[in-house]
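Peer 1: Using the sequences plus the hints, can you model the full thing?
The numbering of the sequence shown is this note's numbering, which starts it at 3 and goes up by one.
In the PhoX-like style, the derived pairs of lysine-lysine whose C-alpha atoms are separated by at most 20 Å in a straight line are:
1) LYS795 with LYS766
2) LYS236 with LYS58
3) LYS795 with LYS819
4) LYS236 with LYS380
5) LYS134 with LYS190
6) LYS284 with LYS274
7) LYS738 with LYS757
8) LYS803 with LYS819
9) LYS28 with LYS462
10) LYS807 with LYS819
11) LYS777 with LYS795
12) LYS58 with LYS777
13) LYS819 with LYS777
14) LYS795 with LYS825
15) LYS170 with LYS111
16) LYS314 with LYS37
17) LYS314 with LYS40
18) LYS274 with LYS290
19) LYS372 with LYS236
20) LYS28 with LYS41
21) LYS111 with LYS165
22) LYS825 with LYS807
23) LYS28 with LYS274
24) LYS314 with LYS41
Estimated spans, in silico, between C-beta atoms of each pair:
25) ILE257 with ASP630: 45 to 53 Å
26) GLU626 with TRP43: 21 to 29 Å
27) PHE93 with GLU281: 34 to 42 Å
28) GLU209 with PHE93: 19 to 27 Å
29) SER288 with ARG461: 15 to 23 Å
30) VAL534 with GLN597: 16 to 24 Å
31) PHE93 with VAL329: 38 to 46 Å
32) ALA83 with GLN368: 25 to 33 Å
33) PHE395 with ASN13: 31 to 39 Å
34) VAL534 with ASN322: 57 to 65 Å
35) SER533 with ASN322: 55 to 63 Å
36) LYS813 with LYS357: 46 to 54 Å
37) GLU281 with LYS111: 53 to 61 Å
38) GLN597 with LYS42: 46 to 54 Å
To be clear, the hints were calculated from the coordinates, so they are not data collected in a lab. The C-beta atom is built at its ideal place from N, Cα and C for all residues, glycine as well.
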Amino acid sequence: MPPLGVARCFNLNKAINFIQNQNEMKDYLQEYIEKKLKKKWSHIEIPPELLQWVNKLKPAHRCNSAIFESILVHGQVMSLAHMDRLRDVRFVAHTVEQHARVRNVLTGKGGAAIERLVREFIDVVVEIEFSKETDETTKETKSELKSRSSESPPNLEYMLQRKKSDLKLLLSSTEVEEILNCAQQVAKASISLHSKKAGLRFARDVELGTNQHVFGILGPHTGHYYGDIVIVFKRELMLHPDTNFTMHAATTYVINQKTPVPTVYSLSPWYKDPGTPEEHLKLFHSSKLHCSTPGYDEVTALQLMALTGLQKNTIDRDLNNVMRRWVAIDSHRLIEAHLPQLIPLSYIDHVYMPKNVFASLTPDAQAQVKEIFPYSHKITRDIVDLNIEMMAFSKPDPSRVKYQEYIIEQLQPDLRNEAVYSSFLNTFGTTITVPATNFESPLAITMTISQSYDQYHARKGSTTSNPGNSVYIYFEAMGSDFMLLLTDQQTDSSNLKETVNYLNCYIAPFPSTDDPEYHEIPSYINNTPPSVHEVYLTRRRFKIGSNMFHKGCNWDDYILYCLKLEPRSGRVSLLHGGESGIYNSTILECTFTVQELNLTELEYVHLCAGSQAVSFRNVIITHEPITDARPSFDKQYRSNISESTTTETSDRMNAKKHDHDRQSHHGDEVRLESVELTEENEEKSVLDRVGEWVKNKIGLGNKSDSQPSENGPPECPQSTNCLLQHSLENDQHNQKYIHPCPYSELCTTQYRNAKHAQQFTHYKHNVQQCHHDRKCSLLHDPMHRSSYRHADKPDYLYPCKYQEKCRDQTKPEHTIKYSHGEKVRPPPRSIAGKFSA
Numbered sequence: 003m004p005p006l007g008v009a010r011c012f013n014l015n016k017a018i019n020f021i022q023n024q025n026e027m028k029d030y031l032q033e034y035i036e037k038k039l040k041k042k043w044s045h046i047e048i049p050p051e052l053l054q055w056v057n058k059l060k061p062a063h064r065c066n067s068a069i070f071e072s073i074l075v076h077g078q079v080m081s082l083a084h085m086d087r088l089r090d091v092r093f094v095a096h097t098v099e100q101h102a103r104v105r106n107v108l109t110g111k112g113g114a115a116i117e118r119l120v121r122e123f124i125d126v127v128v129e130i131e132f133s134k135e136t137d138e139t140t141k142e143t144k145s146e147l148k149s150r151s152s153e154s155p156p157n158l159e160y161m162l163q164r165k166k167s168d169l170k171l172l173l174s175s176t177e178v179e180e181i182l183n184c185a186q187q188v189a190k191a192s193i194s195l196h197s198k199k200a201g202l203r204f205a206r207d208v209e210l211g212t213n214q215h216v217f218g219i220l221g222p223h224t225g226h227y228y229g230d231i232v233i234v235f236k237r238e239l240m241l242h243p244d245t246n247f248t249m250h251a252a253t254t255y256v257i258n259q260k261t262p263v264p265t266v267y268s269l270s271p272w273y274k275d276p277g278t279p280e281e282h283l284k285l286f287h288s289s290k291l292h293c294s295t296p297g298y299d300e301v302t303a304l305q306l307m308a309l310t311g312l313q314k315n316t317i318d319r320d321l322n323n324v325m326r327r328w329v330a331i332d333s334h335r336l337i338e339a340h341l342p343q344l345i346p347l348s349y350i351d352h353v354y355m356p357k358n359v360f361a362s363l364t365p366d367a368q369a370q371v372k373e374i375f376p377y378s379h380k381i382t383r384d385i386v387d388l389n390i391e392m393m394a395f396s397k398p399d400p401s402r403v404k405y406q407e408y409i410i411e412q413l414q415p416d417l418r419n420e421a422v423y424s425s426f427l428n429t430f431g432t433t434i435t436v437p438a439t440n441f442e443s444p445l446a447i448t449m450t451i452s453q454s455y456d457q458y459h460a461r462k463g464s465t466t467s468n469p470g471n472s473v474y475i476y477f478e479a480m481g482s483d484f485m486l487l488l489t490d491q492q493t494d495s496s497n498l499k500e501t502v503n504y505l506n507c508y509i510a511p512f513p514s515t516d517d518p519e520y521h522e523i524p525s526y527i528n529n530t531p532p533s534v535h536e537v538y539l540t541r542r543r544f545k546i547g548s549n550m551f552h553k554g555c556n557w558d559d560y561i562l563y564c565l566k567l568e569p570r571s572g573r574v575s576l577l578h579g580g581e582s583g584i585y586n587s588t589i590l591e592c593t594f595t596v597q598e599l600n601l602t603e604l605e606y607v608h609l610c611a612g613s614q615a616v617s618f619r620n621v622i623i624t625h626e627p628i629t630d631a632r633p634s635f636d637k638q639y640r641s642n643i644s645e646s647t648t649t650e651t652s653d654r655m656n657a658k659k660h661d662h663d664r665q666s667h668h669g670d671e672v673r674l675e676s677v678e679l680t681e682e683n684e685e686k687s688v689l690d691r692v693g694e695w696v697k698n699k700i701g702l703g704n705k706s707d708s709q710p711s712e713n714g715p716p717e718c719p720q721s722t723n724c725l726l727q728h729s730l731e732n733d734q735h736n737q738k739y740i741h742p743c744p745y746s747e748l749c750t751t752q753y754r755n756a757k758h759a760q761q762f763t764h765y766k767h768n769v770q771q772c773h774h775d776r777k778c779s780l781l782h783d784p785m786h787r788s789s790y791r792h793a794d795k796p797d798y799l800y801p802c803k804y805q806e807k808c809r810d811q812t813k814p815e816h817t818i819k820y821s822h823g824e825k826v827r828p829p830p831r832s833i834a835g836k837f838s839a
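Peer 2: In structure tokens form, the structure reads like this:
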């Protein structure tokens, strides 16, 4: 899956303790169930399918055509607060400067001078568009729009031509026109938003703080009166640090006699009315939940069960009844998602709209829909009445009934397509793309270390929290040159002490692939702030570091890392997890004294990037190792970089590093072999190695290194189902025959491990990418796996040594990795015309 765009974080959940909120909600529910329903709390069980359903709900946003056209032009979905700021020409000009179209033009151009000229050019363009709003139909809008220029239109036109001429000396005419068009379109769209009074507003949105968020429903959206265009976001958006949700609309937490919205105190009787407006607001904030927090799904499911059984004074565990209640009630009574303030279009999973609504869009907007969402937009055949003024809380008019039913059906999670194997890491944890800020703007995740302790001990049944427990912070990252920072204070707080204690884990940029030699900047662990990074990196002044930390890893995909803290001993370890841990078992380890850094005082976890945006997902704090994240490797082999092995020493150890190749057996039986470079390879001249590298890059290298020669060993008759191909004990068989590599031409081991390259073929596997990819329900089917590609998965399953006698063939976690003699699509250039058997 490609990384998502940068959805900026504004720390909107800074003051929210989601763990405490979950615990309080459980207490409210327990009291309600035991006292009102007269049931034992210990007897309440949550059906697995309901938890599964909750974990698959996606946020949906509805809007009208005016807002949708503005979304397309701005390149992002915006909150009401952001829309309000688009009245100001200064803010609009700044928005244009940061627009993806403008940044794409300036990428690689560099220099403060050209940035200044572009900024001045945009300022004039936007000012001209705002100055045009002078006719009778826009007088009211004009009075609301905030201009900053006292120049007359003729002078502005002169300034525009002068700035345009200056820019053409530095940029091509096409690039200048792209910036001009972008500025004009964004300015016009901003003006249009306010001239049409777009968006539904409620009086207390500002007081509640919900105007800072994009509104949505987590699940099927029944609020037709918000607009006929339905935008479904990817579920990853619910894992953004600025996202949260409540079981009912924010407006139900405050009592307002002027609206027909029922209060949360009548909808959910386990909440008691605190009485005062201040306490209403407090209850609203303490009712917020976050999908990155483990256990959120249980609390959500319990409340859905209680809500569904409310009229019968019971707890309804039937998922069908939960869904029937959902589609029958107004959207204000459903789960309300409060999404980030600015959402890039890359977070949109699907767009739906009726036929005549699409026809009402401008030609440019129609073209953009087809260009931006070529396979993820659906224009239905419905013709809805565009002349009806839709009122809040009303039922759909007859022209919208059928369309409403279709939308609800499409937004219902389909449990039949659920992936066979799901991981703890795929369900929880913060997910965000962090912009490049030269490490100046760390972003905090939603959970703190002490909150994680509290939850861990509550689940274990312990009454006291012990900060001496180990801390495991798992995170996946696509990209490099970033820091994971642990501090004892919030770094964006205005009440910072003079000294902030830092644990700094720096992940260095990946080495260049254009260099025949392997040169990696050191990754390190230290107790210093990001502001001194360059100095300490240049002088190699850090607690521990390694310039081999990424050797053997797949840099084109997410890499799983694990930071382990042992507060009692002061020991800190940074290592690879998952598949990366198989190919690189380097561990950065060091020990801090209490005087250097007291690990028990660290509380907040931050992410920040240096020279490039970095995509993070599944950032989570635990206090026990996650089984799915453990690499399966030979426990006897360990490339450990400790304090006694400094980075300067590791610079001289490159030639002696070990690479690894996966050997497939069951679970912990999976082992790796170590392949040490020979003296013959070490003694090759630099010129020889450069020559070989160039040949390999253009396809003229020694083909016997990765493919069999005409006189080489024949293919094994058992092909992909050979039980000996991955065995270390049957080297004689593997010298006699070659086998298809499970990863085909995508294998990266062939370039690092000569023995692997000689033993396996890596012909191109000409198959299509599976449409469902990671969510595919057929990942356990060897024929399907060999017929379609799936991200991070091999084309061929590893043969189980027990074959048909295997007792684990009913276990999804086993069959997603191992085959048992099933027929598969023939590997490329293997035994022609036959299925492997």
